[in-house]
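Chemist: Listed below, chain by chain, are the residues.
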Amino acid sequence: MITYLSNNSETVLAALRQHITLALIPVLLGFLIALPIGYLGVRFPWLYHPLINVAGVLYSIPSLALFVFLPVILGTKILSPLNIVVALTIYTVALMARTVADGLRSVDRLVTESATAMGYRRLRRLFDVELPVALPVILAGLRVATVSNISLVSVGALIGIGGLGQLFTRGFQLFYIEPILVGIILSVLLAGIADLIIVLIQRAVTPWTRVQRSRA
Amino acid sequence: MITFDDVVKVYPGGSTAVDHVSLELPTGKMTVLVGPSGCGKTTSLRMINRMISPTSGRVLIDGKDIAGQDEALLRRGIGYVIQSAGLFPHRTVLDNVATVPVLLGKTRREARTAALSLLERVGLSAEFAKRYPAQLSGGQQQRVGVARALAADPPIMLMDEPFSAVDPVVREGLHREFLRLQQDLGKTIAMVTHDIDEAIKLGDVVAIFRQGGKLAQVGTPQELLTAPADEFVAEFVGRDRGIRSLSFDSAAALPVADLPGTLALDEAGRPTGWLMESGQVLPTGGTFTAADSLRLVTDLAISSPVGIAVRVNEEGKADGVVRHHDLADYLAARRAS
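Chains as they are written, first to last, in full-length UniProt numbering: chain A, 1 to 216; chain B, 1 to 337.
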């Protein structure tokens, strides 16, 4: 495996870089799109159930099918990385819209009411109070979305662009175990590191969730 | 002054929460809205900061209809304390208290400095400043809630069952501190409670609501106890309202008798107990001063082992006694007059 790595370091690094890009851009995009959608599901309660139903349906579309059909819908080339980015963004939105809505709904009514009574306007209340209080729930969803995206990128290899997944296809084609092993190890490592980073961010931005509850 | 002018609130679905209420909440006084659940007291309170809008009628602050005012700006000028505090869990105690000054455009640093001195004001030491609400007891959270409402020094405070989520002993302490605070600050306060004892203890004016959102009676606690407007109010203020109304009468005019020989005193003349025939010394169970209420004197006279309440002067020196039959005569004569 070491020999494989040293002989193919450029290929592996390029695959890794592509994998990171293809997985994380959709996480960011999807999160940004899911924020307003999730908020709408809370602002207008009648929207909540339609919202989570649509999200559930979207999330259940098999990734390979989406990768193959998106070029038809978007008019992109079948080998365009855009297909992967769009597909994974859709999954992230489907996952995160519900998480954002659930997170915002989990904020104690007394807290939002007292914020209103202090004189917060709606938008500032959302950013200063509701979103920060919902962060633990939202970041938990973000961890799931990130790890799931990292594993889904590999599926893209079946249509020719899939980051580390290309190491799998190459290994299978050549009946050669090393690239497959390297691919597996790197994608697991990548998922683990990404998850760890989000956990560290969460610890940094939600210190109040870790204080011990003393009833002095 | 806060004025309710023929205010009606009908909720969608047709239930009437507030039914033609006209009420004045005097400036610098504490008005308590009290009544059984579903009587419209909380709805009324929330119409003062426009959390709820009246269906008809007007709410005025110092003569100005609040309906035309910007909601958020209006609310920043009205302190709000809610049941179980409603503190922001993601902010430290200090930043919770600094909330409204920051909304009003103060820098975070200025707001925090002011918040720190407010914490002391409500009886919390500086060590609490950096804690999060989850690290506080119910009583401490409630103090932070009060400090947060006071932070921008609003002339008006609204309090929605502020003391109901803490246990009776803590509540007692919070009441005392709150009364002291209000004596210094002289805010115009509207407070909601379902507890008539709390209303009578804290309110300068008490407004009793009845089911269906109607005002049953408005008056000072003493007026409600001594002259309830109807059966509902009489029942609501309670069976022992007679003895409780004594809380409002000073013991200053109560005639005292000379100290009997059986009252044991120390060198400074402070009472130490009652000498019994058996040679035993029984505790007096407490003393009163001329500034105390008749209720305390009555309680002391009834619970004393010899049926005598002991009065002391400012230095704690015994200067007279009241026997319970003399007290009964005094109360009877007072009623007749």
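Hints listed in this document are in silico derivations from the structure and should not be mistaken for laboratory results. Cβ coordinates follow ideal geometry from the N, Cα and C atoms, glycine included. Among the clues, some could well be false.
Cβ-Cβ distance ranges computed for the label pairs, FRET-style [claimed, not checked]:
#, chain 1, residue 1, chain 2, residue 2, range
1, A, PHE127, B, PRO26, 54 to 60 angstroms
2, B, ALA67, A, PRO50, 34 to 40 angstroms
3, B, ALA165, A, ARG17, 25 to 31 angstroms
4, B, ASP167, A, THR209, 56 to 62 angstroms
Coverage of chain A stretches by chain B, computed from C-beta distances (three or more under 8 angstroms per stretch; other residues unrestricted) [stated by the list, open to error]:
#, region
5, 105-113
6, 128-135
7, 199-211
Chemist: Each of the hints needs a verdict: does it hold here or not?
Modeler: Okay, the hints, checked on the actual structure:
A hinted range of 54 to 60 angstroms is violated for the C-beta pair PHE127 (chain A) and PRO26 (chain B), which are about 39 angstroms apart. The hint said 34 to 40 angstroms for the Cβ distance between ALA67 (chain B) and PRO50 (chain A), and at roughly 35 angstroms that hint holds. A beta carbon spacing of about 55 angstroms between ALA165 (chain B) and ARG17 (chain A) contradicts the range 25 to 31 angstroms that was offered as a hint. With their beta carbons about 27 angstroms apart, ASP167 (chain B) and THR209 (chain A) fall outside the hinted range of 56 to 62 angstroms.
Requiring three or more residues with a Cβ within less than 8 angstroms of a Cβ of chain B, the coverage given for the region 105-113 of chain A holds, as 4 such residues are present. Here the region 128-135 of chain A counts 4 residues with a CB under 8 angstroms from a CB of chain B, which clears the bar of 3, and the coverage holds. Under a criterion of three residues with beta carbons nearer than 8 angstroms to beta carbons of chain B, the stated coverage of the region 199-211 of chain A is upheld, 4 such residues being counted.
In the structure shown, a violation is registered for the earlier hints numbered 1, 3, 4, in ascending order.
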